[in-house]
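There are 2 protein chains.
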Amino acid sequence: MIAPLERRSLKRLRHKPVPPPLRLVGGLAFLIAIGTGLLLLPISGTRQLTLMEALFTATSALSVTGLSVITSVRDLSLWGQILLMLLIQIGGVGFMVVAVIVFRLLGRRISFTDRIALSDSLGLLSPAAIVTLTRRVLITVITIELIGAFLLYIHWRTDPRLSEGQAFFFALFHAVSAFCNAGFDLFTGTPGFNDGIPRDSVTLFVLGGLIFLGGLGIPVVADLIAYPNERRLSLHTRITLLVVSILVVGGAVGLWLGEAFDKDGALVGQPLDRQIIVAVFQSVSARTAGFTGIANFEQLTPASQLLLIALMFIGCAPASMGGGITTGTFAVLSISLWSYARGLPTAQFGGRTLATGMVRRAAAVLTISLFVVLVASWLLVMTHDTTLDRAVFEVVSAFATCGLTLGFTDELNTFGQLVIIAVMFWGRLGALTIIIALARQSAAPQVVTYPEEQILIG
Amino acid sequence: MIAPLERRSLKRLRHKPVPPPLRLVGGLAFLIAIGTGLLLLPISGTRQLTLMEALFTATSALSVTGLSVITSVRDLSLWGQILLMLLIQIGGVGFMVVAVIVFRLLGRRISFTDRIALSDSLGLLSPAAIVTLTRRVLITVITIELIGAFLLYIHWRTDPRLSEGQAFFFALFHAVSAFCNAGFDLFTGTPGFNDGIPRDSVTLFVLGGLIFLGGLGIPVVADLIAYPNERRLSLHTRITLLVVSILVVGGAVGLWLGEAFDKDGALVGQPLDRQIIVAVFQSVSARTAGFTGIANFEQLTPASQLLLIALMFIGCAPASMGGGITTGTFAVLSISLWSYARGLPTAQFGGRTLATGMVRRAAAVLTISLFVVLVASWLLVMTHDTTLDRAVFEVVSAFATCGLTLGFTDELNTFGQLVIIAVMFWGRLGALTIIIALARQSAAPQVVTYPEEQILIG
Ligand SMILES: [K+]
Ligand SMILES: [K+]
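Respectively, the protein sequence lines represent chains A and B.
Every number in our numbering is 751 more than the matching position in the first sequence, counting from 1.
Every number in our numbering is 751 more than the matching position in the second sequence, counting from 1.
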């Protein structure tokens, strides 16, 4: 028997709205559970996958990371590969969009809270017109992917190592994998491709373009599409394009210096135009697609390892297919630093003041990201016989949902796989989502204000 | 002939006050030049030091880092060793205090601007009574060092490997080196001490105590000294003590886990009490004294390498003998992160609101620190045949003026030595000093305010 008071509190418990961050966590976990289950079906594999293999693959696909403990083309059936592609697509375009569609199919109206949650996840600045926008985004995404797939198919169908059917499916799969910045590939394990994806200039150019567009993020793409009519780009779009340009060029120059002039470098002895294409592709891909443009990736020079760790950590634009602390955080921190050094009262850039609270958010993103990378790396080196650089590279790659690896993924034991799964999960949700879900929210607007006090900082 | 207008602007140029950050940079550079010159004198060495050796040693001593390209006890004469001790003392207590004394000796009154500059460097919150405080600080420092030296002398005089005179001078030298968090030692190279400093528990206890007090920083020590009268500790002191406790205990537990349970660990097979003393000492020393409590330091497990990199990077309290981003920055970032996650409007801790602008400053410190470490590490791996972890360890150690090394210092070429010298210089001045000195200061109070605009962040 339940006393009236208890019944009332039970009722309140039942009706207490789940806060958006927690809903995001639950949603991704739910999708991963479904994906794991589907991958475990006998028809999905050419052999029965283990639970850990299926869980790792589903997480990696839905978080568009691309780290893999299986060889997709060999261990998955065609149906399994199609499933993988769908998981990548869902993970990339965002399970939020899926949620919208599900809501529509169920005929339910989207509540205002849901709109807010969606706009949080997609990074949209206004919750209005979300359904319209979602439809437009989906059409844009599929159009871009189909164009990419068509170009890849035209190019690959003449490759003697691929059958007509393979060329068709590979083109589709890799267009999705590239645009979603997932970095999964089917070439590794296919006879004739001992070294993974083909690295001819046309392939690198098409894949690089898809990755680049996917990494700009939905708000930027939407802004660019609207530009011919509106003739105005938002501050967000301008900063994103600027930062991405700096990162791509800087990364490419750095990789070129590191690999073309070191005696063990991967680009030594190649013609200059080829060096440039590979360096630019690898720079684009590092944030955060994870395709390797450089063959023998595990023999990367330490200079390039460091550079790639930095690029991966910064990552892509917010609300894009990629992860990392995001170019937005990077821009805010840089602008704030320079404004502070100049003695300006606020962070300013291009005739605009950065809104109050943005520096606080950016600092929080950086702090929690460093913390997660540090803890996960420590757990890995404690439990594996490996060097520090390989472990840190792997963790940053997982956190940024990048998927590049110095060959460490194959050596992970079950505990290590669980750590990487957790980091991919955290990374895909965005640096702050889990910590906000974990923190006890301050319930009511604060009425007490505490007195201010200075403490010294470095 | 100079036109009147030009003459006027020349005059204005001559009288333009040098901004405090630039004065700090110039002051440290001046001291390093003097130190280098004195070390180059024939009486300073048992052999003639090269310019690079003298420059590196002077920078390392004045920045209380402790990285060394010479073996102090073998390559320096007794006079040279005394000079080294004086450089450490000057670098540790701060060339600002020296500046005050010089001003007083010259009979000039200290201007208000100078007081502000001093209070910036010493991290004091109010510029009042700086001369009195300086005198009190000096007396405190010398008292603590003499007590430490006395204890070390009592303990070391019975060591058959040391003569009476050696025991006396070594006690004095290492008390200064420990309290100033410099980490230079004279044992490396002394017959009978193949493995550097003695690591018996008494030595570790005394050195650890000196390091700990030196690492708390002048404001905290002053606050603690005043406590019996005032019965109140500032927020700064409370946060510093809390953060330092967490870091020491966390670091010690982490090192113990990493070194006592790994098959290659340095603490394997030792009795538990010994394991605890060594782990605590190494944890205290890592931020940022740089004495090695663990023998065969270069064989540290990767887990401990990572932990030490993190501890070094965080470093000591602001305005202390140590470097790093400082415990203050670490505390502000952590508090701000947690307050943000909880949805609070401001960063709050212990019934106090952190003053506006502190998060901005802390974010700036973290950003520029990561940038410096990244660039310097990249320069090192580009120009040396080494692994990434050893280079990053060395750079963080130099930036935090810590002086621990995985044996990489000996392998540095001239370019590498210059990079490390620059990083030590930057680190001792504090993360922001140089960037503020470099930035063109906004001349007048800003009258234009730019409109606010949001950009997305991760
Ligand atoms: K990826
Ligand atoms: K030191």
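Honestly, I wouldn't trust all of these hints.
[Stated by the list, open to error] Label-pair ranges, simulated between beta-carbon atoms:
| no. | chain 1 | residue 1 | chain 2 | residue 2 | range |
| --- | --- | --- | --- | --- | --- |
| 1 | A | L984 | B | V1000 | 31 to 37 Å |
| 2 | B | I893 | A | G1102 | 51 to 57 Å |
| 3 | B | G1094 | A | P1022 | 54 to 60 Å |
[Claimed, not checked] To list a few chain A residues with every Cβ distance to chain B over 10 Å, as calculated:
| no. | residue |
| --- | --- |
| 4 | I785 |
| 5 | L789 |
| 6 | P793 |
| 7 | T801 |
| 8 | R887 |
| 9 | V888 |
| 10 | I893 |
| 11 | L1023 |
| 12 | A1173 |
| 13 | F1176 |
| 14 | A1190 |
[Claimed, not checked] Here are the simulated SDA-like pairs of lysine to any residue, each with C-alpha atoms no more than 20 Å apart in a straight line:
| no. | chain 1 | residue 1 | chain 2 | residue 2 |
| --- | --- | --- | --- | --- |
| 15 | A | K1014 | B | Q1026 |
| 16 | A | K1014 | B | G1167 |
| 17 | B | K1014 | A | L1130 |
| 18 | A | K1014 | B | L1130 |
| 19 | A | K1014 | B | N1164 |
| 20 | B | K1014 | A | N1164 |
| 21 | A | K1014 | B | F1166 |
| 22 | B | K1014 | B | V1000 |
| 23 | A | K1014 | B | H1135 |
| 24 | B | K1014 | A | K1014 |
| 25 | B | K1014 | A | E1162 |
Derived by calculation from the structure, the hints in this document are not laboratory data.
Bear in mind the structure is a predicted one, so any value in this text is a computation, not a measurement.
Built from N, CA and C at the ideal position, the CB exists for glycine as well.
Hints, one by one, checked against the model:
1. About 51 Å separates the C-beta atoms of L984 (chain A) and V1000 (chain B), a value inconsistent with the hinted range of 31 to 37 Å.
2. A hinted range of 51 to 57 Å holds for the C-beta pair I893 (chain B) and G1102 (chain A), which are about 55 Å apart.
3. Between G1094 (chain B) and P1022 (chain A) the CB atoms are about 56 Å apart, so this pair conforms to the stated range of 54 to 60 Å.
4. A cut-off of 10 Å between C-beta atoms confirms that I785 (chain A) is not in contact with chain B; the least separation is 26 Å.
5. Annotated as non-interface, L789 (chain A) keeps its C-beta farther than 10 Å from every C-beta of chain B; the closest such distance is 30 Å.
6. With a closest Cβ-Cβ approach of about 40 Å to chain B, P793 (chain A) is found to remain outside the 10 Å limit, as its non-interface label requires.
7. With a least CB separation of 28 Å from chain B, T801 (chain A) remains clear of the 10 Å interface cut-off, as annotated.
8. Distance check for R887 (chain A) against chain B: the nearest CB is about 18 Å away, which clears 10 Å, and the non-interface claim stands.
9. With a closest Cβ-Cβ approach of about 15 Å to chain B, V888 (chain A) is found to remain outside the 10 Å limit, as its non-interface label requires.
10. Listed as a non-interface residue, I893 (chain A) keeps its Cβ farther than 10 Å from every Cβ of chain B; the least gap is roughly 24 Å.
11. For L1023 (chain A), the condition that its CB be more than 10 Å from all CB atoms of chain B holds, with the nearest at approximately 20 Å.
12. Listed as outside the interface, A1173 (chain A) is consistent with that label: its C-beta sits roughly 18 Å from the nearest C-beta of chain B, beyond the 10 Å cut-off.
13. At roughly 15 Å from the closest C-beta of chain B, the C-beta of F1176 (chain A) stays outside 10 Å, upholding its exclusion from the interface.
14. At roughly 4 Å, the least C-beta separation between A1190 (chain A) and chain B is not larger than 10 Å, which violates its mark as non-interface.
15. A distance of roughly 44 Å separates the Cα atoms of K1014 (chain A) and Q1026 (chain B); the hinted pair therefore is violated under the 20 Å criterion.
16. Pair hint K1014 (chain A) plus G1167 (chain B) holds up; C-alpha atoms about 19 Å apart against a cutoff of 20 Å.
17. Only pairs whose Cα atoms come within 20 Å are accepted, and K1014 (chain B) paired with L1130 (chain A) is accepted, the gap being roughly 16 Å.
18. Between K1014 (chain A) and L1130 (chain B) the CA atoms are separated by roughly 16 Å; this keeps the pair inside 20 Å, and the hint holds.
19. Straight-line distance between C-alpha atoms of K1014 (chain A) and N1164 (chain B) comes to about 18 Å, which keeps the hinted pair within the 20 Å bound.
20. As the CA atoms of K1014 (chain B) and N1164 (chain A) are separated by approximately 18 Å, the hinted pair is consistent with the 20 Å bound.
21. Between K1014 (chain A) and F1166 (chain B), the direct Cα distance comes to roughly 19 Å. Compliance with the 20 Å bound is thereby established for this hinted pair.
22. Proximity of K1014 (chain B) to V1000 (chain B) is assessed by CA-CA distance (about 23 Å); at most 20 Å being required, the pair is judged violated.
23. Proposed proximity of K1014 (chain A) and H1135 (chain B) is supported: the alpha carbons are some 12 Å apart, at most 20 Å.
24. Under the criterion of a C-alpha separation no larger than 20 Å, the hint pairing K1014 (chain B) with K1014 (chain A) is inconsistent with the structure, at around 35 Å.
25. For the proposed pair K1014 (chain B) and E1162 (chain A), the alpha carbon gap of about 19 Å is at most 20 Å, so the pair holds.
The structure is inconsistent with the numbered hints 1, 14, 15, 22, 24, although it conforms to all the rest.
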